[in-house]
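**Q** One letter stands for each residue in the lines below.
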Amino acid sequence: MFEPNLYFWLTIAKFAVIMTIILSVAPVMAWVERRGSALLQNRLGPNRIGPFGLFQSICDAIKFMFKEDPVPGHVSKFYYSLAPVVSLVPAFMTFAVIPFASSIEIDGRIFSFQLANLNVGILYIFSIASLGVYGIIMAGWSSNNKYALLGGLRSSSQMISYELSLGLSVIGIVMAFSSVHLNDIVAGQGEAIRQLGPWALPEWLPIPKWGVLIQPIGFIVFLTAIFAETNRLPFDLPEGESEIIAGYHLEYGSMKFSLFMMAEYTNMFVASSLITTLYFGGWHGLHWVLNLVPVEGLAREWTRIVLEMAAFFLKVGFFMWFFVWVRWTLPRFRYDQVMDLGWKVMLPLSLGNIFITALAVYYGWM
Amino acid sequence: MEISPIFFYLFAGVALAASAMVILKRNPVASAFSLVMVFFAFAGIYALLDAHLIAAIQILVYAGAIMVLFLFVIMLLSADVPSFDLRRAHPVARAVGGVLSLVLFGFFVWAFKNSPSPAPLGNFTAENIEAAGGNSRVLSELMFSEYILPFELTSVLLLAAIIGAVAIAKRKQSLPTEGRRK
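Chains as they are written, first to last, in my numbering: chain A, 1 to 366; chain H, 1 to 182.
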């Protein structure tokens, strides 16, 4: 029979911590987005409830929960109710393999700060992330509304177009670190760059081997594709308010609508974590603080873990802000522009990047 | 590696129920959603067998890419007219179909009863694969050394299919406009 051991309880604990973080992302980001948009547009934004309007999200959540939840008569009821859940669950599942700190050794047992260390790593993330689109397609189709259907159609075509570039841009990273394990990729980014093309760099130059520095083209393609995958502006065609009203979630209200919002912010969080992990050194970056604090032994190890988590979440926080920043800066693309950019610019760029990376790896320039 | 029976029956049950839904649902979009569930349940069974790479690829390629394309086409063509209606079918067609499906079922039962013992694993035991760096590394090394010819042939086949698709799509689009210009 099944006997819960220490490993089991640790996994449950990690799961609880990660779920708490992910669930609190949506309300906090809703506040950041509203205050951020106000900042960029020279307004004030919600500033009445709590300090800096921080409790506005709590009020919104209470409102969403106690509002009437009407189901329009013309929808396919089963799929209409299922769609918000289908869009939220893959967003949660993706975070399982992202390492947010390195491992620590307690009593001879290695304890890693990652829910599941799968040997398919990145492939797991892409496969689960590719399921997120079904929530949007399902919502658009089951609403039996032409604007919602248009939103679902746009979403599926956009997803197909940019998933290719997204996958291919990461191939460069996989080649450079010769692993699909996210742990290996992060560990590889802790080393210093020794080669700049055919020239060797001097030993004293401490440039970290971050993905963005050795894969600049791949990074630009990845960033663009991930904006398209998360349906954030300038790629929010599935909901395009001025064109198709609200697109796929047009017929939704109260808590079902807020589940779509939560899915969007959770996807943003996972996307920021991915950018950090693959291109900005993951949990590296604050280790130098360790030399300033006078702690020894296990306390030193725990300080290291706390610093790694701080570095990781600081970087993730920056990219979350970056998503908001871009949303309120750039206007929406036209539909044909999105398709042209995806197929005629991003796909050739990512293929070229693979070719260049292959050459660089072959000649030992990387 | 022993499979946890609870999860096996869970995934197998979901796969069977969703497969039944694929053919029983009248709306093609609903059938497509059920087919996604089938692929997902299959991926779960692969993952239980420690074949993580196959599970990930199954979801990535079939559930994530091909089915999205299917749904896109179905929704674009709005093909909500059922191509086959059992209640309006000819009695002979019903009888023949029923007999043929029973024969097929019997064949499957026979094949599973009389199948030889599972093929020997050879070098590729779970421990050896783990020692060599995991499923994806072992598979890619084999694919680019021993099985390079089938791999390249498949890619040529896919390239031919892509060129064919582009040629067909382009011809239908460009002919009338060229005619008008002349």
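One or more hints might be untrue.
[As the list claims (entries may be wrong)] A few chain H residues facing chain A, derived, Cβ under 10 Å:
| hint | residue |
| --- | --- |
| 1 | 57 |
| 2 | 65 |
| 3 | 158 |
In case anyone wonders, no lab produced these hints; they're calculated from the structure.
The beta carbon of each residue, even a glycine, is placed where N, CA and C say it ideally should be.
**Q** List in ascending order the numbers of the hints, as given earlier, that are violated by the structure.
**A** 3
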